[in-house]
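Colleague: Chain by chain, the residues run as shown.
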Amino acid sequence: MTAVAADVVATNAAHARAAAGTRRWCAIGGILLVGAIVVGASIGPAGPDSWRVPLELLDRLPLIAIDSGVTDAEWNIVWRIRMPRVILAALVGGMLSVAGASYQGVFRNPLVDPYLLGAAAGAGLGATLALTTGRSATSAWPFDPVPTAAFVFAVLTVAVTYVVGASFSGSPRGADRSGVTLVLAGVAVVAFVTALQTFILQRNQDVVREVYQWILGRLSGATWSDVMLVLPYVAVSCLVLMLHRRHLDVFRVGDDEAAALGLPIGRTRVVIVVAATLGTAAVVSVSGLIAFVGLVIPHAIRLMAGASYRRVIPLSLLFGAAFLIIADIPGRMLSSPAETPIGVVTAFLGAPFFVYLLRTRRFV
Amino acid sequence: MSDLEFRSVSVAYGSRPALEPFTDRVRSGEWLGVVGPNGAGKSSLLRAAAGLVPYGGEVAVDGDVLARMSARARAGRVAYVAQNPLIPDDMAVFDYVLLGRTPYVGYFGTESAHDRRVVADVLDRLDLGGFAHRMLATMSGGERQRVVIARALAQESPVLLLDEPTSALDIGHQQQALELVTDLRRHQQITVVSAMHDLTLAGTYTDRLVMLHEGEVVASGSARDVLTAERLGEVFHVCVSVDVDPEDGTVIVVPRRGFPA
Numbered sequence: 001m002t003a004v005a006a007d008v009v010a011t012n013a014a015h016a017r018a019a020a021g022t023r024r025w026c027a028i029g030g031i032l033l034v035g036a037i038v039v040g041a042s043i044g045p046a047g048p049d050s051w052r053v054p055l056e057l058l059d060r061l062p063l064i065a066i067d068s069g070v071t072d073a074e075w076n077i078v079w080r081i082r083m084p085r086v087i088l089a090a091l092v093g094g095m096l097s098v099a100g101a102s103y104q105g106v107f108r109n110p111l112v113d114p115y116l117l118g119a120a121a122g123a124g125l126g127a128t129l130a131l132t133t134g135r136s137a138t139s140a141w142p143f144d145p146v147p148t149a150a151f152v153f154a155v156l157t158v159a160v161t162y163v164v165g166a167s168f169s170g171s172p173r174g175a176d177r178s179g180v181t182l183v184l185a186g187v188a189v190v191a192f193v194t195a196l197q198t199f200i201l202q203r204n205q206d207v208v209r210e211v212y213q214w215i216l217g218r219l220s221g222a223t224w225s226d227v228m229l230v231l232p233y234v235a236v237s238c239l240v241l242m243l244h245r246r247h248l249d250v251f252r253v254g255d256d257e258a259a260a261l262g263l264p265i266g267r268t269r270v271v272i273v274v275a276a277t278l279g280t281a282a283v284v285s286v287s288g289l290i291a292f293v294g295l296v297i298p299h300a301i302r303l304m305a306g307a308s309y310r311r312v313i314p315l316s317l318l319f320g321a322a323f324l325i326i327a328d329i330p331g332r333m334l335s336s337p338a339e340t341p342i343g344v345v346t347a348f349l350g351a352p353f354f355v356y357l358l359r360t361r362r363f364v
Numbered sequence: 365m366s367d368l369e370f371r372s373v374s375v376a377y378g379s380r381p382a383l384e385p386f387t388d389r390v391r392s393g394e395w396l397g398v399v400g401p402n403g404a405g406k407s408s409l410l411r412a413a414a415g416l417v418p419y420g421g422e423v424a425v426d427g428d429v430l431a432r433m434s435a436r437a438r439a440g441r442v443a444y445v446a447q448n449p450l451i452p453d454d455m456a457v458f459d460y461v462l463l464g465r466t467p468y469v470g471y472f473g474t475e476s477a478h479d480r481r482v483v484a485d486v487l488d489r490l491d492l493g494g495f496a497h498r499m500l501a502t503m504s505g506g507e508r509q510r511v512v513i514a515r516a517l518a519q520e521s522p523v524l525l526l527d528e529p530t531s532a533l534d535i536g537h538q539q540q541a542l543e544l545v546t547d548l549r550r551h552q553q554i555t556v557v558s559a560m561h562d563l564t565l566a567g568t569y570t571d572r573l574v575m576l577h578e579g580e581v582v583a584s585g586s587a588r589d590v591l592t593a594e595r596l597g598e599v600f601h602v603c604v605s606v607d608v609d610p611e612d613g614t615v616i617v618v619p620r621r622g623f624p625a
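From first to last, the protein sequence lines stand for chains R and E.
Numbering-wise (the numbering used here), the first sequence opens with residue 1 and increments by one.
Numbering-wise (the numbering used here), the second sequence opens with residue 365 and increments by one.
Honestly, the hints are just simulated from the structure, not real lab data.
One thing to keep in mind: the hints can contain errors.
[Said to hold, decoys possible] If you want the footprint, here are the derived chain R segments under chain E, 3+ residues with CB under 8 Å: (1) 239-250; (2) 261-268; (3) 306-315.
Just so you know, these numbers come straight off a predicted model, no measurement behind them.
Ideal placement from N, C-alpha and C gives every residue a C-beta, glycine not left out.
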């Protein structure tokens with residue numbers, strides 16, 4: 001065998017190993033997620049004994065029959081109260097992590113989170129408006145206007161950021177394709193929108209507490225209709241971002257090189273940003289602002305499994321989902337009925353874990 | 365076959381012209397060196413050919429106008445190595461070189477066994493086979509330069525554009541990189557256009573030189589014709605003497621102390 005042929009064999013073997021590594025990590029993430037769902041569904045202040053719930057869940061699977069001793073009323077608590085909350089936590093956690101990883105990739109900036117272009121600030125303003133001016137007018141409405149207002153304003157704010165960023169993108173080196181202008185436009189728009197929100201709050205002190213709680217983020221009171229509300233957005237957004245994980249790897253070598261490699265970078269960046277923004281706006285509108293997840297989960301994945309987006313994107317989805325389910329459990333247990341906001345728990349659990357990862361793993 | 369034609373190619377940043385209409389034809393397998401002071405338009409010329417800046421005029425490979433092609437089709441014709449390529453620290457050498465196959469992968473596709481074979485082959489030719497799974501952060505400057513050239517070669521484009529390929533390297537690695545390009549050009553008929561700062565190296569390795577000054581061509585031809593002490597003094601504002609090796613005709617540019625008259 002010639003040296004080249006031997007090399008090709010070695011390369012294919014290495015490729016197979018890398019693919020097996022990716023599969024192994026996805027399997028770990030998948031098991032973790034399923035485990036988190038089962039644990040999340042089993043734990044709660046009221047309802048059946050925790051150990052009975054996994055048995056009942058197994059019993060519900062086809063071809064398996066186990067007498068778990070869970071009554072219909074208890075099952076109602078699990079299925080109607082716990083399960084939507086667990087699934088919503090998974091959707092929110094997975095979405096924020098994938099969106100954060102995508103934003104970090106497309107802007108080549110490790111400090112970027114999915115709220116960068118104003119999704120969070122816009123959602124905050126929308127919620128504030130709905131809770132202040134609209135409260136009396138909409139009290140008779142059959143649905144809660146807060147998520148809708150938050151979603152609409154989140155999307156609007158990001159659209160404004162995009163328009164502002166695009167109108168100033170002329171740089172001495174021709175078209176600005178690095179996205180820096182866009183990021184700076186985001187900073188300006190977020191400052192403006194936040195100022196607007198503060199002004200409105202100042203004049204409506206009675207809702208400050210309500211708005212504040214909304215901003216801290218919560219998953220309590222989640223219903224299947226909340227899940228159904230965000231599911232389409234999250235599904236489409238995650239699908240689009242998953243399909244662009246190879247492109248995100250190309251972005252890592254810089255805009256010039258990526259363009260020279262034949263990647264239509266302007267268009268690809270818009271597609272990725274729009275997908276990540278729609279998903280983020282959807283989950284923010286039902287759960288409020290859950291900090292930390294979108295920033296730190298992707299970095300934790302990079303430290304554990306490597307920096308290629310072919311791993312970072314799918315693993316962010318799985319680990320982000322599992323992380324938020326787990327982070328939600330103490331929030332439900334600790335100080336019920338007055339719950340600890342999940343945004344507090346994510347940072348409280350996540351920050352020490354991240355420091356541990358930084359200490360034990362090296363970036364190379 | 366890979367003629368590269370510049371037809372009145374001009375570049376301007378805003379109202380400031382960086383490159384006046386430039387016309388030239390680089391024949392298949394030829395190596396054109398572009399020299400000139402900083403800001404003379406060397407990079408603009410290469411960036412225009414790579415489709416990275418808006419430009420006037422046309423660039424054509426074998427008569428096919430690049431501006432009318434898709435980004436992917438263009439990348440299949442022209443490979444480009446930036447002056448300061450961004451090297452992601454935590455990417456393996458193999459994965460970095462594999463990015464060179466991007467023009468051949470469908471939008472939602474993934475690299476094929478053939479793509480990996482091409483990369484393994486390129487790594488082997490550049491003596492990088494043993495580095496395939498090293499992270500880029502652990503490579504030395506010379507090794508990185510080879511890896512970047514490997515990525516451009518994995519692109520299998522008949523035209524190679526190199527923007528200051530050796531400016532960050534020591535003299536040994538400079539020579540190594542330039543010998544590598546020479547070798548590839550001979551064996552694969554790759555057409556090369558490179559911007560270069562070291563005039564002696566530029567004269568030694570390329571077939572033909574073009575000297576740019578403030579966006580305009582001031583001289584074109586062989587190293588002996590282009591690199592004269594008088595012209596270098598005018599264009600670069602330096603005091604140099606130019607010697608020609610009596611044996612092989614190599615043009616040697618030697619800086620002298622003092623300012624030009």
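Colleague: Take the hints in turn and mark each one as holding or not.
Modeller: Evaluated hints:
1. Counting residues of the segment 239-250 of chain R whose CB lies closer than 8 Å to any CB of chain E gives 4, so the stated coverage by that chain holds, three being the minimum.
2. Counting residues of the segment 261-268 of chain R whose beta carbon lies closer than 8 Å to any beta carbon of chain E gives 4, which reaches the threshold of three, so the coverage claim holds.
3. Counting residues of the segment 306-315 of chain R whose beta carbon lies closer than 8 Å to any beta carbon of chain E gives 3, which reaches the threshold of three, so the coverage claim holds.
Checked against the numbered hints above, the structure breaks none of them.
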